[in-house]
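Protein chains in written order, with the numbering used here: chain L, 1 to 763; chain W, 1 to 763.
Everything labelled a hint here was simulated from the structure, so no lab data went into it.
Careful, some of the hints might be misleading.
Treat identical chains as interchangeable: a pair holds within one or across any two.
The calculated DSSO-like cross-link candidates involving lysine-lysine, where the alpha carbons are at most 30 Å apart (straight line), are [as the list claims (entries may be wrong)]:
id, residue 1, residue 2
1, Lys630, Lys246
2, Lys453, Lys280
3, Lys124, Lys137
4, Lys648, Lys85
5, Lys162, Lys280
6, Lys453, Lys139
7, Lys322, Lys262
8, Lys553, Lys630
9, Lys630, Lys280
10, Lys630, Lys85
Number of protein chains: 2
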Amino acid sequence: MSWLAGYGKDAGEENDNLGVDWVLQYEFGDIDQAQAIAEYRTLIHDLTEAGLRVQARHGHGASLLVCIRVPRDQLGHMIHKSRLKDWLCGITHTLPVGDEHTVAAADTPAEELRSVYHTITWQKELGGAGVTPKFGKWKHVTASFPLHDQDACGDLLRKWSKATVLTAEDLDIIRALFGEKVAFYYAFIQCYSLFLIVPAVLGVIGWMYLGPYSIVYGTVLCLWCIVFVEYWKIREADLSLRWGVKGVARLKVNRVQYQWEKEIRDPITGQLEQVFPAWKQLLRQLLLIPFASVATLALGTLIVVTFASEVFISEVYDGPLKGYLEFVPTVLFSLSLPVITPFLTNMATWLTDYENYRTQDLYDLAQTQKTFVMHFITAFLPTILTAYVYVPFGTLIVPRLDLLRRTGLETKSISPYTDFQVDTTRFQQEVIYLSMTAQVLNFGQEVVLPYVKQTLWQKWRSYSDRKAEMGRKRRSSISASLSNFLLIDLPNEASFLARVRAEADADEYNVEEDILEMCVQFGYLALFGVAWSLVPLGFLLNNWLELRGDFFKLTLECQRPPPIRSDSIGPSLLGLEFLAWLGTLSTAAIVHLYRGPISEVRLSYLLLTVFIAEQAYLATRFTVATALRKIFSDTISREEARRYAVRKGVLAARTAAAEGGVSSSPELLTTKPRHRVRFNEKVNVYCSTTDIEPSPDGTPSPTGELSHDEVLCGSDREAQFWNGPKHTHISTTTDMTDAGIKLIRALNTHKTAGHAPKMSKTA
Amino acid sequence: MSWLAGYGKDAGEENDNLGVDWVLQYEFGDIDQAQAIAEYRTLIHDLTEAGLRVQARHGHGASLLVCIRVPRDQLGHMIHKSRLKDWLCGITHTLPVGDEHTVAAADTPAEELRSVYHTITWQKELGGAGVTPKFGKWKHVTASFPLHDQDACGDLLRKWSKATVLTAEDLDIIRALFGEKVAFYYAFIQCYSLFLIVPAVLGVIGWMYLGPYSIVYGTVLCLWCIVFVEYWKIREADLSLRWGVKGVARLKVNRVQYQWEKEIRDPITGQLEQVFPAWKQLLRQLLLIPFASVATLALGTLIVVTFASEVFISEVYDGPLKGYLEFVPTVLFSLSLPVITPFLTNMATWLTDYENYRTQDLYDLAQTQKTFVMHFITAFLPTILTAYVYVPFGTLIVPRLDLLRRTGLETKSISPYTDFQVDTTRFQQEVIYLSMTAQVLNFGQEVVLPYVKQTLWQKWRSYSDRKAEMGRKRRSSISASLSNFLLIDLPNEASFLARVRAEADADEYNVEEDILEMCVQFGYLALFGVAWSLVPLGFLLNNWLELRGDFFKLTLECQRPPPIRSDSIGPSLLGLEFLAWLGTLSTAAIVHLYRGPISEVRLSYLLLTVFIAEQAYLATRFTVATALRKIFSDTISREEARRYAVRKGVLAARTAAAEGGVSSSPELLTTKPRHRVRFNEKVNVYCSTTDIEPSPDGTPSPTGELSHDEVLCGSDREAQFWNGPKHTHISTTTDMTDAGIKLIRALNTHKTAGHAPKMSKTA
């Protein structure tokens, strides 16, 4: 729980990250000592070769924590180069000031961390250290993450607990802390929740005056879905301009796993490009069809069987233990889902790997598409079965389930088939369950349960750590004394290292999952919302909590994600469009089916209703998209205006140069300085790099040789940390390698002594 | 016919445009002489004020032809400014070389003419003469056009008459002659025709082996439609990049008729913008719905009545004169259509005016949308009625048409109602008619008929001109001798002026009409093509002729259109998408209806077929669009590559400057010179302006004071023309005004004398 202790207002210095930019966790529990030392040596070599400062400390169990710091001038230069690249690829229109030695100050912590991330993960050709966790020769590097900014996160969570809605400034802060990809999720949930107010209010009115399955409410709901999706597209474009990430996908580097067929020099840009033929990828993508079929079959069968046996037990079966047996199918379903899902996920991952995408973005996109298919089936199929199979055809199907009677095993006489009555309210009950109970349960499962698990895990860990220490003390001999000494944290580092260890143990945050969850919620509303008009109200209340819970999860239960850039919520947008379309058809069908007695519904009229609804959907979507694009055209044309302004400036500079006889300096191409995001007027943890001048010879300071004043920028504790533990008297990089090796040996001694259990957590 | 004479290979000097850039026709037939003189004086004043050289000659009837020439250095400067503007608005990425006095050479005649067009039509604030034909104070300026380049057009037509397909080079030449908007039409018809080969070949096979209403052929046809539309979108984007017009709509100037509500200074660019609220325009656009309803009602009623009476006469009526009466409805329809259509067109124009668009592009777009609605109804409704009303419900409806019997007026006994058999082949017959006869008739109406009319009109005109001359000679007195003398062309100008007069009389070319015609053809294929598999073959053959006929019409029957830029075929693209969608539904329905006996078709199954077809359409379109975008992604990313290359160049320049200590000159921002389009290695009519230096003081040469060498660039005839007719000894602009006034007086004398009939042609 030490990593939570720092969350109090009075934490102050405790939350200091001691100038650590990034942490790698190296686990060597399942390899022998010699290999571990060799790998560790390569790791430190590669990192220092890339100009990084490193400090190693022991982690939980047989693992090392490698703390990494990028020298400030190198980092500033990386940031400048990254901005230049943005400009070259047309992401920004303003050419950054400076020459090839310029050191730039980051606008946001996220921008800084992104450059750190690139320095660590990019291949050596691109100027990075090439450390790709869990892949290739780095498969024992099990975690790679920056440290959380506890103060900023705490402030934000406290602020939100009092506020009703997120402001644009809040979104900017999230973007500054976690990058655009995460910020887009919060922008989405905020926009979606605000939009939910409309159907929530109408839903309450409808609940009081109209009743369920109202045509008016259904129409409004469908219209709302369409408007929301179309509005979000514009909002997304707007935000991507505000954050300067529009079209950012095109400058992403190749994935390490990408296999190209040939290298082509682009005739226009002269760049060497690694090409994998599009048609080949397209053919491979066709495998999505068998995958979707298998997933549908596997999950579908499971759901249908569960559903059928549930219906059978509750409606037909009348034997002993009925009360308990009713829960059996659901329990079996819940047990078998975790068996099937990982199998399908593995299949999806294999497929996505095979599809061979160039960038991580494209890879994630393809993977999310497949996850979406699976989510779609598990989330919506049960309710679809209830709405369209069980209720309308129940009288035909259910009696056939009565296998007991057919096989002559019935225990007592039940009413004849013709008397069987389908419970028509079952569908509505399911919708009510989905919008209230399921949301709460889901929140518990997503936020509360991991928190409890984490707490218990920490408790057990500290208990076993204490036990190991006792063992060490008991077995203390001269040969082991040094290594034991090594494994005790220095008092001024202890709380910091405890936090780092906890964060290294935490889960990786996957923003796509959160986005998908919201999409599924939107899907419930679009598909089944018409059955109970309080659904949007339930969702609205849930989302207030959800947003805060997700942020809690992000900051306290997960590793800080690398600040990836993105200009959209990704493939989920397509999912939203699909759900809005399917929702229109579904709403029309439900209203048609459930308004009157189901027995009177004629298939041809139902079909006609759905057909008309689809045409109405197509026409409405076209109209809404056109109208919204027109109304918000100034938002979209802002980008053009910006480019125009920059070009106008260039022209003016040229004219001025020509008239004044002064040569136009390229600096004139740049405009006003950027806005720097700070939190509550606090200066960032690091000293501002604005004042750092490039060293006199113009090159970044050589690796490891940290200029004196840089160390002084941070606190004394920070300086102590980076100068290495005093008792070992190590301060240079070579010494650091040795220190780490000593740690490995020390940890291995305990491992072989069998006292420290191998700690691998399966969350 | 004189304007056709120059089309022979031996024409040579006859085709010389004598350096005339543009021609305005001023008609004063219906106003009194004083007003005519005042207006003419203003016209010449405005033109010369904008720096243009003018020469006036008499036109046909009471009209003057004002020949305009832009001094070469002024034109070159206009071209340079236009390119700068392109760069500012992000249409091109390369900053043009030069300063504020630069004189650029045009890449194509179209670029040159566009600048001429801007000089004449742009408002005075923008540096033009502000002459907007047929509007406001210029409502007596009835024509405004550049002269055709007879040689180039003749060469092209001759080349095409031998070639099967147009090459990319041909499209470039059309673009160079007529601008991008026209070139896009030819690119479209070429792409469409090439695509037609696939269904044409399959159609022949289908015709031999499958018969009509084949499911296989229908599926292929629908798929083909979707692929074509999606491919064309990519092709269009590709061409717009090739021609450097992508996003060109945003730099278009305001229409003169545009009424803004407030002026806003853009916060980013600092430009003053005239704003009309988008929501207001949107509300006004909603009037499209009543318009579409009225149009549907008016045209629909007309078509239904015609259809019903035709059916009545052919199927039910059995009285006297049946053979003749059968044609009556069609004749009545053909007669009443020209009454209703102009009424609807006027309504559409009024609506579009009211919608108050900022640019001519947007205005044309809105107008075309409305025309599309009307075209859609008149073109498709009759066949839709046959396919979906007459044949399926004929047995129910037709007997009720038998009003004669009901009112007891029948002349002789006809078979009872139950015996009535609908002619199920009628639908197929109509499709065959549409794809063969109608195409030929349409071609005749569009190309041949106007040509014949024009020829006859010219014949009559020269006859009446001769008569008028005879009259002049008979009445020759001292007072009238000067004016008579004025009205006789100089021998070396006679043939040229005859051509100018003929072109002034010709129709304006409307490229939208040609595009719409192709869309309607595509619509026939998509909607009804499945009924007869030879339809695509018919269309393919027709289009070979159509393309050449349209070019013939453009170059010989119409005025040369101003070379407008555009980056798409415009709203017709939306029409194509709509037709592909409707075509899928229609094909599915037709196949379902007509494959077996119609009496056995059940509505619910038909609905199911159409419903499934729609889902298949949506899925296919999504897949095809995704796949094509992937396959042609390099086409689309070429734009990015180009920008990247330019920016890379800028950066290299900056680095070089920083390293070498040399100031980076803005000239480094520019890259390789552009390719200049010439025809068959002939040099353009005008001397190349590349060598023209700006005058020493840096300003363009003052108006009217033409430097000696410019006149010498052209032929002697050209010099003579621009120095004015020798006998009047006029050479300065003021004299030109007087000369024109004299011409007005002379022409008016004849008008009042009643010998020269007022010649207004209603084409």
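- prompt: When the hints from earlier in the document are held up against this structure, which numbers fail?
  reply: 2, 5, 7 and 8
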